[in-house]
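J.: Heads up: the protein sequence lines correspond to chains A and B, in order. Its first residue numbered 0, the first sequence is counted upward by one per residue in numbering that gives the first Met the number 0. Its first residue numbered 0, the second sequence is counted upward by one per residue in numbering that gives the first Met the number 0.
Simulated from the structure, these hints should not be mistaken for lab results. What you are looking at is a predicted structure, and each value in this text was computed from that prediction instead of being measured. Every residue gets a Cβ at the ideal spot worked out from N, C-alpha and C, and that includes glycine. Careful, some of the hints might be misleading.
[As the list claims (entries may be wrong)] Okay, derived cross-link-like pairs now, PhoX-like style, lysine-lysine, Cα gap no bigger than 25 Å in a straight line:
#, chain 1, residue 1, chain 2, residue 2
1, A, K85, B, K232
2, A, K32, A, K172
3, A, K112, B, K232
[Stated by the list, open to error] Covered stretches of chain B (in silico footprint by chain A; criterion: 3 or more residues with CB under 8 Å from a CB of chain A, positions within the stretch not fixed):
#, region
4, 169-183
5, 231-244
6, 309-319
7, 340-352
[Unchecked claim] Take a look, some chain B residues computed to stay more than 12 Å from chain A by CB distance:
#, residue
8, K118
9, G226
10, N254
11, E256
12, R334
Given next are the chains, with one letter for each unit.
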Amino acid sequence: MVLQDVKPTRSELINLKKRIKLSESGHKLLKMKRDGLILEFFKILNEARNVRTELDAAFELATDKINLASAVNGVVAVKSTAFSTKENPEIELSGHNIMGVFVPKINSTGVRKPLYERGYGIIGTNAYIDETADAFEDLVEKIITAAELETTMKRLLNEIEKTKRRVNALEFKVIPELIDTMKFIRFALEEVERESTFRLKRVKARMK
Amino acid sequence: MDKIWGKKPRKSDKKKKGTSNYAYAVTRVRAMKSKLLPKETYPRLMNMGVDEITRFIQESEYKNDIDELAMKYSGADLAEHALNRNLALTYAKLLLITAGEPNYLISEYLRRYDIWNIKTLLRGKQYNASLEEILETLISAGELTYTTLSELAAMESYEEIIEALNETDYYPLLQEEYDGTNLAYIENELDKMYYSGLFGVIGKPRSKDRKLFARFIKLEVDAKNMGTLFRLKKAGVEQLDEIMPLMIEGGLELNTEKLASLPYEEFVEALRKTRYWDAISGVMVPDMDSLTGLECRLLKFSLESATTYSHVSPISIVPIMDYIIYKNNEVNNLRIIFRGKEAGLEDELIKDQLVVI
Numbered sequence: 000m001v002l003q004d005v006k007p008t009r010s011e012l013i014n015l016k017k018r019i020k021l022s023e024s025g026h027k028l029l030k031m032k033r034d035g036l037i038l039e040f041f042k043i044l045n046e047a048r049n050v051r052t053e054l055d056a057a058f059e060l061a062t063d064k065i066n067l068a069s070a071v072n073g074v075v076a077v078k079s080t081a082f083s084t085k086e087n088p089e090i091e092l093s094g095h096n097i098m099g100v101f102v103p104k105i106n107s108t109g110v111r112k113p114l115y116e117r118g119y120g121i122i123g124t125n126a127y128i129d130e131t132a133d134a135f136e137d138l139v140e141k142i143i144t145a146a147e148l149e150t151t152m153k154r155l156l157n158e159i160e161k162t163k164r165r166v167n168a169l170e171f172k173v174i175p176e177l178i179d180t181m182k183f184i185r186f187a188l189e190e191v192e193r194e195s196t197f198r199l200k201r202v203k204a205r206m207k
Numbered sequence: 000m001d002k003i004w005g006k007k008p009r010k011s012d013k014k015k016k017g018t019s020n021y022a023y024a025v026t027r028v029r030a031m032k033s034k035l036l037p038k039e040t041y042p043r044l045m046n047m048g049v050d051e052i053t054r055f056i057q058e059s060e061y062k063n064d065i066d067e068l069a070m071k072y073s074g075a076d077l078a079e080h081a082l083n084r085n086l087a088l089t090y091a092k093l094l095l096i097t098a099g100e101p102n103y104l105i106s107e108y109l110r111r112y113d114i115w116n117i118k119t120l121l122r123g124k125q126y127n128a129s130l131e132e133i134l135e136t137l138i139s140a141g142e143l144t145y146t147t148l149s150e151l152a153a154m155e156s157y158e159e160i161i162e163a164l165n166e167t168d169y170y171p172l173l174q175e176e177y178d179g180t181n182l183a184y185i186e187n188e189l190d191k192m193y194y195s196g197l198f199g200v201i202g203k204p205r206s207k208d209r210k211l212f213a214r215f216i217k218l219e220v221d222a223k224n225m226g227t228l229f230r231l232k233k234a235g236v237e238q239l240d241e242i243m244p245l246m247i248e249g250g251l252e253l254n255t256e257k258l259a260s261l262p263y264e265e266f267v268e269a270l271r272k273t274r275y276w277d278a279i280s281g282v283m284v285p286d287m288d289s290l291t292g293l294e295c296r297l298l299k300f301s302l303e304s305a306t307t308y309s310h311v312s313p314i315s316i317v318p319i320m321d322y323i324i325y326k327n328n329e330v331n332n333l334r335i336i337f338r339g340k341e342a343g344l345e346d347e348l349i350k351d352q353l354v355v356i
């Protein structure tokens, strides 16, 4: 707020006091929100770190399995068997609220299938194919969990950042400026009061 | 569709087609077998890098196939397609140089590739794979030529493909049973049909060579059944009515019905009394996390057993089958080494997958 634009009136002072009070309570609430979000973030961070480690391991295993299956059966056989997949996994996206942040909840169905529901014939395939399919089903499950946690983390981080900016803006800019303005108005009002007292004294002296 | 199938001989025709030329065929096959890679080659290949192996393959019997496909593929894909092409041409050559009974027996044995291709076509249509993708996964080593398969692959739906196969033995099964949703069932039935057809062709073996041929197929059936039983037990399938439809009839030794009904521990215990136990005992662990080691041992056992008596009947189907096994095994071994090296698999793991006979 530019001081020149401020009208140094009593009503403005009352308004300012109200705004300062509001800003201070907002600042306190936002600080609490920021701290709460950080707590939530760290809770999820550990979980996400574990899932990421599991995801890396699952990816490595799946790659090894498909490489082995491709070597033993040929890529041609692996590709042909992959064509027999008849149902794609379904993903249902819902969400829940963490301190005003909407985070996703991903429910998946049909990722892990029993051997006889994968779509390929059992007699014409072998354990190399089964284990590759197993490993990739596991990988997809891990990807879904990781996606949920990492999106949650990303959203929480964004919100923490936003809240932090707001807290800082209130703490270091808005509230100090309001206080300065309030001081200026008070000073101006006192000045006006002194002027009028002085003027009254002058009038009184002249009348004598 | 008559255009596609017009020249295809029917089963009954083939029996009549010419007199058996075992002496000529076996001589040609011996010459072909001498060109196969000796088993000492594999340890050498294991010590080579991917580039060296590529060069080795380029300078071997596979040169023409590599040259032919080099424009389209590169790296391990080039090697694999070249190996498949060479295998298909070799089998086509076998069919050309044989007549009468050996021709009939070989073509029946090679029907596994026709079945593979039909399965791939149906899978491709179910998945809505592109024509290019389907063509890349076909191996025309059976009776169905590449041109025929390409025409089938270009068809719009599985119904058209089935209709185009109306002159073949697969038609009744496909037409009556396949409804576009039960592909796994159809695949299993096609595989079982292959083996029952093969046993039908062999008939009741009386001569020594027929007995050996039958023994090889029976060993393969036992290995397949055992692998399937392990896979199903690992997956928790216990119901006899779910397991038995997946068993191929006509194995050498295994009583599949009895084995299928046993819980896992007793099933393993029952296998101890079979000839396969020595081959698989080294990889048997209680929880059986992975079955690949077991399947690899079973394959090695059946191939080694099949080739042990190949010298018994020198002028018969046995040396020809022996060559088919060796050639197929060479292609498999080269692919395993090439793909394994390219993917960075450990040397020990690659060596474990090789079958050196």
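J.: It remains to establish, for every hint, whether it holds in the given structure.
T.: Here's how the hints hold up against the structure:
1. A:K85 with B:K232: 24 Å, holds
2. A:K32 with A:K172: 19 Å, holds
3. A:K112 with B:K232: 15 Å, holds
4. 169-183: holds (count 3)
5. 231-244: It holds, with 5 qualifying residues against the three required.
6. 309-319: violated (count 0)
7. 340-352: That given contact holds, which follows from 6 residues of the region 340-352 of chain B lying within Cβ reach (below 8 Å) of chain A.
8. K118: 7 Å, violated
9. G226: G226 (chain B) not clear of chain A: closest Cβ-Cβ about 6 Å, inside 12 Å.
10. N254: It holds; N254 (chain B) is separated from chain A by about 18 Å at its closest Cβ, greater than 12 Å.
11. E256: Per Cβ check, E256 (chain B) is outside 12 Å of chain A; nearest 16 Å; holds.
12. R334: 6 Å, violated
In summary, the structure is inconsistent with hints 6, 8, 9 and 12 from the numbered list given earlier, while agreeing with the others.
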